[in-house]
Amino acid sequence: MERLVFDIAHALAGGLVLVSFMMLYQDRLSALINIFAVQAVLLALSVAWQAYMQQAPHLYITAAIALLFKAIVIPVALHRIIKQLGIHREIEPVVGIGSTMFIGIGLVALSMVVMLRVTGNAAPVAREDLAFALSVILLGMLMMVTRRNAVGQVIGFMSLENGLVLAATGAKGMPLVVEISVAFSVLIAFIVIGIFLFRIRERFDTVDLSALDSHRGGQ
Amino acid sequence: MAVILDVLVQALQMALVLALAPLLTGLVRKTKSRLLRRQGPPLLQPYRDLLRLSRKEVVLADNASWLFRVAPYLIFAATWVAATLVPTFATGLMFNWAADLIAIIALLGSARFFLALSGMDIGTSFGGIGSSREVMIASLAEPAMLLIVFTVALIAGSTQLSTVSVFLASADVGMRISLALALVALIMVALAENARIPVDNPTSHLELTMVHEAMVLEYSGRHLAMIEFGGSLKLLLYVSLIASVFVPWGIAPQGGTPVEYGFGILSYLLKLTLFGILLALFETVIAKMRVFRVSQFLGAALMLGLLGTLLLFVSRGL
Amino acid sequence: MGAWAFDPVLMVVLIPLLSAPVLALLPNYKVSARINVLAALATLLAASSLFFVERPPPGNYLLVDDLNIVFIVLNTFVAFTTSVFSASYIGHELETGKLPAPYLRFYHAMYQVLAFAMNLAFVANNLGLMWVGVEVATLTTVLMVGIYRTPAALEAAWKYFILGSVGIALALFGTILVYMAAQPVVGEGNNAMLWTVLMQNVAAFDPALLNLAFVFLLLGYGTKMGLAPLHAWLPDAHAEGPTPISAVLSGLLLNVALYALLRYKLLLAASPGALAPGPLMMIMGLVSLVFAAFMLYRRRDIKRLFAYSSIEHMGIITFAFGMGGVIANFAGLLHMVMHSLTKSAIFFAVGHVAQIKGTQNIADIRGLTQTHPLLGWGLVGGVLAIAGVPPMGIFMSEFLVVSSTIAHAPWLALPLVLGLLVAFGALLLRLTALAFGEPSGSTAAVKASYVPLYAHLALVLSAGLYLPPALVLWFQHVAAMLG
Amino acid sequence: MLLWVVAALLATAVAAVTFSQMRWASHAVYVACAALCAAALGLLVLHLLAPDAGTSVRVLPLGLPWLGAHFRLDALATFFLIVVNLGGAAASVYALGYGRHETAPHRVLPFYAAFLAGMNLVVLADDAFTFLLCWEFMSLTSWALVMTQHRDHENTRAAYIYLVMASFGTLALLLAFGLLAGPDGHYGFDAMRAAAHSPALSGLVLVLVLLGAGSKAGLVPLHVWLPLAHPAAPSHVSALMSGVMTKVAVYGSMRIIFDLLGEPAWWWGLLVLCLGGISTVLGVIYALMQHDLKRLLAYHTVENIGIIYIGLGLALAFQTNAMSGAAALALTAALFHVFNHSLFKSLLFFGAGAVLTATGQRDMEQLGGLIHRMPYTSFAFLVGCVAISALPPLNGFVSEWLTFQAILQSTDLPQWGLKIMVPAVGGLLALSAALAAACFVKAFGVTFLGRPRSAAAMQAHEVDRYSLLTMLSFALLCLLAGILPGLVIDALAPVTVSLIGDRMPMQASIPWLSIIPITASRSSYNGLLVFVFIALSGTLAALVIHRYASRALRRAPAWDCGFPDADPATQYTAGSFAQPIRRVFGELAFRLREQLDLPAPGDIRPARFVATLGDRIWELLYLPVVRGVQFGAEQINRVQFLTIRRYLSLVFLTLITLLLVLAIWP
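Chains as they are written, first to last, in our numbering: chain A, 1 to 219; chain B, 1 to 318; chain C, 1 to 483; chain D, 1 to 666.
Worth flagging that the hints you see were computed from the coordinates, not collected in a lab.
No experiment lies behind these values; they were computed from the predicted model shown.
Note that beta-carbon positions come from the ideal geometry of N, C-alpha and C, so glycine has one too.
Incorrect hints may have been included.
Stated by the list, open to error - From chain D, some residues computed to sit far from chain B (all C-beta separations above 12 Å):
#, residue
1, I161
2, G360
3, G527
4, A663
As the list claims (entries may be wrong) - Facing chain C, according to a computed beta carbon distance under 7 Å, are these residues of chain A, among others:
#, residue
5, A56
6, L67
7, A109
8, R148
9, L160
10, L164
11, A167
Sequences and hints are given; from them, build the entire structure.
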């Protein structure tokens, strides 16, 4: 029974890393949002599974929040924004898809090496979770760095946070996990509202960040 | 009793220097004209010139300041003091300890300083030419002179002229390459300082070439007499300097008997005539240099002086 | 009510929290400005009462010890003086129509929320709570920076938001790693996050994990401190936000991040196995010092110029703490206090100058000492102080830092001195252009409050010559603790 | 109690800030400063003459918290304080008259009193922190003083260069003190004296001190700011800066090199000697080429500082070879020159200030013929010129003579390097002495003699009595120091004893007041006798001529070889006067380029002659540095304009590198 429990947790976390890779692969915006929703669902499942494993009921709340917010509300809002603001469809990545993937693999390898060497005497599950969490975070950052599109960057940021929530839940008995996930969701809400409120689309004709940059401060 | 004797000898030295200076200038002019197969002015002509000038009326320019009228006396006094400090017929005189070789050069420097200033006082372009060239020549001659002093002082172990000439007269100095270099350099500097032929023509009034004459252009009457007297005193000073350092034999030692003093005066007169004739000979042979060649000429003197000092360490590992 | 009412620590946190909603409701900006000042004054009194009343035992959430008392008092004092300055500043902003009335209510409320967040971060005993404090502070300043709604302000706010959130995320991951390291030794739950608990048995933690955690924490809180490679948000945030916020940003917010970093350095210093954090911080410090020094030359916007000067000074402070040793730590603490006082004083002056001349472009502002003597000479005093000219306090800290550098790590002294000299040259060049020469622009007299400006300069000047022994004992005790 | 005087000075500074707008403020402040400086001077002279002049130490709770501020008054400090307060008192009295024309008194008064206080404090300081604090405070106040006419761009540029160089100097000194203090930070001077320093460390400290104090004093490679900053300040301040502040810099280097550092290595003397030699020659050559009176004097300060450093270098060289007698002689020569230079340089700057107030002109090309309208100023300026060109009766010659005597001791030096270098530097010194005479003939001749070249020079009028009083009293002091050098040498003896442990032979006992540096047979000089001799023979000659020859005198237009030309333009100007020397030394010191375009015959265009002088040191040393900083700023500035994405990649890269480091290293 112990083996099975560990395997499921391992599979779910691995799934998360896999989905991050798929997000890197996408070149169309709406597809990217849907993949993000899938990642959010997977995160919710893994958090729920952790809750079950650690018999920590409060984790269920985090799983519920992740599911409700990140899987449903935010993707729907993003879809509506794209339709309403007429943001053009495709994403122009800065670096070619192939090389991004290649860098992604390198990052995952790095996080494996770093994390596993470091967490020698922690619990095996925690070690796994943290290693996967670090790779999701690094992939999230890679996503932010290689996307010109503001929405692409936001999604990269959100996947980075998914990694964080995974790491938080992985660390057994960490208090405040619920509060932190709440704080993060508030943060994301801010972003979405920010985009909507500031009508990034309307104030700068494209959401392409380079247009935004022309207004960066003078000397 | 001894003090009175010393004062007497010192007074004799001062009077002797005053008397002999115009004679030396007259001697040089006489021999030069004789070499050019001319009769030439009589030997005592400079004395008459000085007397004539001092009796004439002084014509002052309108914007001449008090400096212009005080300068000649200052120049004459400084040169006279410097001349008395150089041992002529006897060493170890009472006031010799007041100043050493460096002080004498500096006294000449102050005389030149006031001469250049008086040259610029009237505000004519000739005064300016004379002063600026004089100052350029001085800026090379003085360091050369000081390097010669270094050479001599390092050998003799003192800058006091009396001790130097006594030391050089004694046998243990031996032949020295640096002494020879110092002598050549001293002669070159003496020519430059006294405005003799290669550097500046004392007799000519050709505006572009003259240096010393240009500064004293505006002087007349007794002021001009003072400056002429100062000029000849300076010539005498240089000659007696060369004599006391490089030809020291025959100078009476300190506190000597009247016989030694008499012998000293005789040998000094002999040296003066010898150097006067040599100078006249040299002046008739050589032609005047372009003004800006003078800087190379004096640069050579400076190098000789420096070489002399540096070679000191080679010859006997002093 | 009885027990905790007189507990000053709680008061320090609660007063700003309670006054924020009150300020949000008040329509008239004059009244809210005064209340803002009163609230800041009350917090200052509560904080300074910490000196006298014996310190409460470290609770589950709140902790007061030697290290954060200095920070709290400094923080509340500068917050108070900035609120006095912002009272006169905001009035002018309203007249010139740059800020409509409703925004002022929002501005004052946010001001107090910011104060609350910073105080919370200082007194929090729990790592997570401190992280939340820093996070809320970042969010409020993002909104404040974007308050003018100009494209440049928006871009600055957006840049600040994105970079800030990434930084905070990294810091969170670092906190999680620290928890992971503590968890096997201390056990799960709340007390694995408490500073006091961690400090006692940090020796047993796994050093390698602590190193990794420190890397993430250095990057996370380093971004908040504006260290060189991570500094990008700071100059634009300073230039575009209202001046009181720039003063608060460079005077206080950087100190909050520095405080957090010092806490973790404290932790690592205690654990023997961990790789010494020193060299890492020294390199980051030096890089940001030299980088900011060279950046000062090309600046044409006056507030961006002083933003880079803040980066430079944060670099010096990190370098000092990185080097360790009692003298260097003492210098770092002193430099931090002096820097906040001087930099906020400069921003007070700059604020008024920008308002009078109507521009922040250095080229258009000339001859200040001629047109506005009080303001001009105040700016001259401030800039000379920040450049490290003797009578003022920063010279003493730079003296200690440089002389202990040449003694401990001589080959590092060269880049340090190079950075200081280049920065000095740049600042002086700009000051000569600003304060002297033919006056330009409007010479209207300004209704400015000079009290905060000259109060700060007086403090900095007196610190340069004479430090009260009580303060010195404190610094030395904390310096010894920092290892 | 000296500290009370300094505290009073600071109080006047603060007071001056408040009522600087009042009409009588400048009068009150300068009177207060003069009185305080004079009081300090009195106290110091008493302290110097008192037989048991022990060192008194005082600690104040200021400065570094765990160290406090140490102040110490020993022989070296007393001498330099006398120089500082003498100059200060004179400048304050001078400023009573000169200050009246000050346009913005509130910019001058407070900083002036603070400047005096700063200089006093630097000399008194006895621990590294207080020393550097007062050192930089002194530079700060003098920067503010140079900034008085801030509307003129030239002044602001000069002030900027000055403060940047001063800060460079302070940082160099800071590094030196850091090395001396050692890892655990013993910043007190007495701790530094006690600590034994490794030769390598003290060698590095020496180089740093030469950089730090040398840049403040104005040694050649670091002298660039001096001729820009000193003329920009008001005249009484530039007199203080040139005459006194450079001496405080010399005090700084002496205190560290002789007092704090232990046994000197032989190459130290060589290094200081070479620096001194180069500074003398280059300083005077640059001075010759100037036609701005105050800038000429400032460049000339560089030359005199070079002479002082030659003295110091000689003292170091002799000290390494345990020839303490010769070392004492060299040190006394250097200290004597410090005293002389502060006297005649301040006198000359006062004179320049007087010319400036009288004509409103600093450019010599516009002056001329002032001797008729400003008789007293010109007499004082003449005495200053004679003194500075080291001509016998006055004090300049005595210190130069002592230096030459020290140079003549060089034969006993064992090291070949020194044995060769010392006479060579002697040659340089002689060259610079002659050039100095040339420079001051030009300065005095072009400014005071000849015919006035501009309307301003025409209506010049004599300055007020305060300025005259100071100038004439300093001229008298120059004469006294020249005539009675024995007194000054004996007064300097305790300083050399405290630094080197040996002193020059006692001068007071020698008959006829002459001075004998080493032994009677070696050399001796009697200032008084030479002066009396010249005066006597001059008056004797004048009386005889007037008595027996003629007294007639007639005024007539100048002879000028028969065609007098009334136009003052025909006179020699500063540029033409220096032309022969410029041609001789032209290529050596500066890239001399002379363009002459003569119009073709028949073309009526006037011929133009342009001689451009490039300052080699500025181009070879400072421009590359400035260009380097600009290039660095340009490259790094590109980071300001990156997009958000690129900033994120910066953060990302830093994270990856740190993780890689962690993965590889532990």
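Hints, verified against the model:
no. : hint : result
1   : I161 : holds, 30 Å
2   : G360 : holds, 21 Å
3   : G527 : violated, 9 Å
4   : A663 : holds, 66 Å
5   : A56  : violated, 9 Å
6   : L67  : violated, 21 Å
7   : A109 : violated, 16 Å
8   : R148 : violated, 13 Å
9   : L160 : holds, 6 Å
10  : L164 : holds, 6 Å
11  : A167 : holds, 5 Å
This entry does not satisfy hints 3, 5, 6, 7 and 8, going by the numbered hints stated previously.
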